[in-house]
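Produce the entire structure from the sequences given, and follow the hints as far as they go.
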Amino acid sequence: MKRKQFMALLMAAMLGLAGCGASGEAAGTDGGAVQSGDQEAGDAQAEAGTEAAGSAGEGMEETGKTEEYKAILETAEADVVSYLTDGAVKSGDVLAEKDGFTLTAAEASFYIAYQYFNAVNYYQRNGMTFSLDDAAADGLTAGQYMVKYAGEQAVKYLAAQAKAADLGVTLSDEEQASLDTFLEDNYRSSGETRWYSELGAGMVNEDDYDEAGKEAWIMDKGRTMFAHNMLTMGTTPEDYKTYVEKYYNVLALQDYLYGEGGEYSLTDEELAQRTSDYIEENGVLWGRCILFSTINATEEEAEKARQQMETVYEELSGLSGQELYDRFTVHQGTYDTSGYTAGEIQMYTNQDSLVPGYYEKLAELSEGELGVTERTAYGWFILLRETAQPSLLTDNVRSLYVNESFGAYLDEAVNEYGLDPAAVFSDLDTGLYYERLDTLKEAVPAIDQVYSEHPAGEASEAADNVDPETAGN
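Numbered according to numbering that gives the first Met the number 0, the sequence shown spans residues 0 to 472.
Quick caveat, the hints were computed from the structure, so don't treat them as lab data. Note that CB positions come from ideal geometry on N, CA and C, so glycine has one too. It is possible that some hints are incorrect.
[Stated by the list, open to error] Here are the simulated BS3-like pairs of lysine-lysine, each with C-alpha atoms no more than 27 Å apart in a straight line: (1) Lys220 with Lys440; (2) Lys245 with Lys440; (3) Lys220 with Lys240; (4) Lys213 with Lys89; (5) Lys89 with Lys240; (6) Lys69 with Lys440; (7) Lys245 with Lys89; (8) Lys213 with Lys245; (9) Lys69 with Lys89; (10) Lys303 with Lys360; (11) Lys240 with Lys64; (12) Lys89 with Lys360; (13) Lys440 with Lys64; (14) Lys220 with Lys69; (15) Lys64 with Lys220.
[Stated by the list, open to error] Derived CB-CB ranges, DEER-like: (16) Glu359 with Thr297: 22 to 30 Å; (17) Gly260 with Phe181: 23 to 31 Å; (18) Ala176 with Glu314: 54 to 62 Å; (19) Tyr324 with Glu269: 51 to 59 Å.
Right under this line is the structure:
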C-alpha cells in the first residue's frame, strides 16, 4: 500500500465511520486513489455556496469595507486567477497540454481551492482549527502540500482524458447530456434559489413577472450567483465544467479498464485470493459488543454499570446459537446508550483505532464465543465473536485494488505523456493565493447581500417562511 498522505482524504471527501470499540480518530487514505466522491462533493459545495452567496453577508452595513469588497469583486470577475496571483498568472494560461487537451490556470486553481474548502470544513466538523502552517507530508506545510497534491491530481485528470481518447473511451449518453446542459442547469438552480430567497424577503413581487420574465430573471441572476460562487473556489463556471468533463473521463476510463471484462479486472479466483490475503494481513475479525458505559460516571454509577454487566454476561453465557444472537441484540438496545451499536455485526482489523484491549480480547475468542473486557476508559464491553463473513469484504477489496492500481496506471500515463506535476504551480506565491482566496470568500457573499439593499433580519425571517412548492400559487 502507498504511504498515507495528510491531505488526500480531503480531496476524496472521505467519511469517518465509528463502530463499537472505535475511539473516533480520523483515518487517512491512499494518495493515489481516484475517489468517486469528488464530483458529488463538488456539486454539493457549489450548490451550498450559491445559496450562501445570497445570505452569508446579511447584516453588513454600508462602510468603507463595502467599497473595498466591490473593487475586489470587480477585479476577480475580470480575471480570478490574476487576482489570486497578483497578475503573475492569468485564468486562461495553459499550464499543461496533451493532444489538444489542456489544463488552464483557472481549472488548476479549483483543485487547490476545493482542497482548502474541504480541509477547513473537515477540521471544523471535528472540533479543530485548520492552519495552513500545520505540518503535512514530505516536510511541507499543509498549504504547500495542498498545492503539490493539486498539481499531481490535475495532471492525472489531464492524462486520463488523453488516455481515454487514445483508447477510444467515450462518455455515456447520460454523462454527455449532463455536460451539454451543465452551465444552464447550474444557472437555473442558483437563480431559483435566489428567486425564492428574494421573494420571501419581499425584494421581488411575483405579480410583476410573467413566465418569460421570471425565467429571464432567474437565468440572469443565476448566471451571476453561480459565477460568484465559482470565484470563491478560485475558478470560472466554464473551467469548472472542464474539470467535471475530465472527472467523467476518469470514471469512464476506470470502468473501461477495471469494469467487467476490462483488461485489468479481477477474476473471481483473483478476488477470492485478494480477499483472503486482506483478511490475513489485517487480522480481520467480526463481532458485536454491548458497552456498559462509565463515561462521566460517579463511583456509584460505575458500580451499577459493573453489576449490570455481570448480570447480563451471566445470562448470555448460558445461551448459544440463534438464542444467544437474539438476546445479545435485545441487551444492546437496553443497556448500550453509546450510539455505537444497533445490532449490526462489525468488522474489526488490527489497524483500527480501537479502545485498548478491545481487539485483543475479541481475538482471544472463538467464533460464537462470548467474552468481556476489563474496564476501559469507556466502561465494560461484552463481546460476541461472530462467524467470518468474507463475502461482505469483496466489494471493499475490489475497490482497494482498483483505487491503488488505477492510481498507479494514471501515474504511468503522466510519465508516458511527459507531464510534470511540479511545473503546474511552480511560480505560485502560496501565501498570497490563500490570503486572497479567503478575501473572496468574505467579499463575494457580503457584496451579493449588500446589492440586495434589504434589512438582514427581515430577509432571513421572510425567506425561511417561503415554500418553493407553493410560492406564487
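Would the hint linking Lys240 and Lys64 be met if the CA-CA limit is 27 Å?
Roughly 32 Å separates the two Cα atoms, so the pair is violated.
Decide if the proposed pair is consistent with the structure: Lys303 and Lys360, CA atoms, cutoff 27 Å inclusive.
holds, 23 Å
Does Lys69 sit within 27 Å of Lys220, going by the straight-line distance between their CA atoms?
holds, 17 Å
Beta-carbon spacing of Ala176 to Glu314 - inside the hinted bounds 54 to 62 Å or not
holds, 60 Å
Is Lys245 within 27 Å of Lys89, Cα to Cα?
holds, 21 Å
Within a Cα-Cα threshold of 27 Å, do Lys89 and Lys360 meet the stated pairing?
violated, 60 Å
Are the Cα atoms of Lys220 and Lys440 separated by 27 Å or less?
holds, 19 Å
Can the restraint linking Lys89 and Lys240 be considered satisfied, given a maximum Cα separation of 27 Å?
holds, 18 Å
Are the Cα atoms of Lys69 and Lys89 separated by 27 Å or less?
Between Lys69 and Lys89 the Cα gap is close to 21 Å, so the pair holds against 27 Å.
Should the hint that Gly260 and Phe181 are 23 to 31 Å apart at their CB atoms be regarded as holding?
holds, 30 Å
Holds or violated: Lys245 with Lys440, Cα cutoff 27 Å?
Distance ~26 Å between Lys245 and Lys440 Cα, so the pair holds.
Regarding the pair Lys220 and Lys240, is the alpha-carbon distance no greater than 27 Å?
holds, 19 Å
Going down the numbered hints, you'll see the structure goes against 4, 8, 11, 12 and 19, while the others check out.
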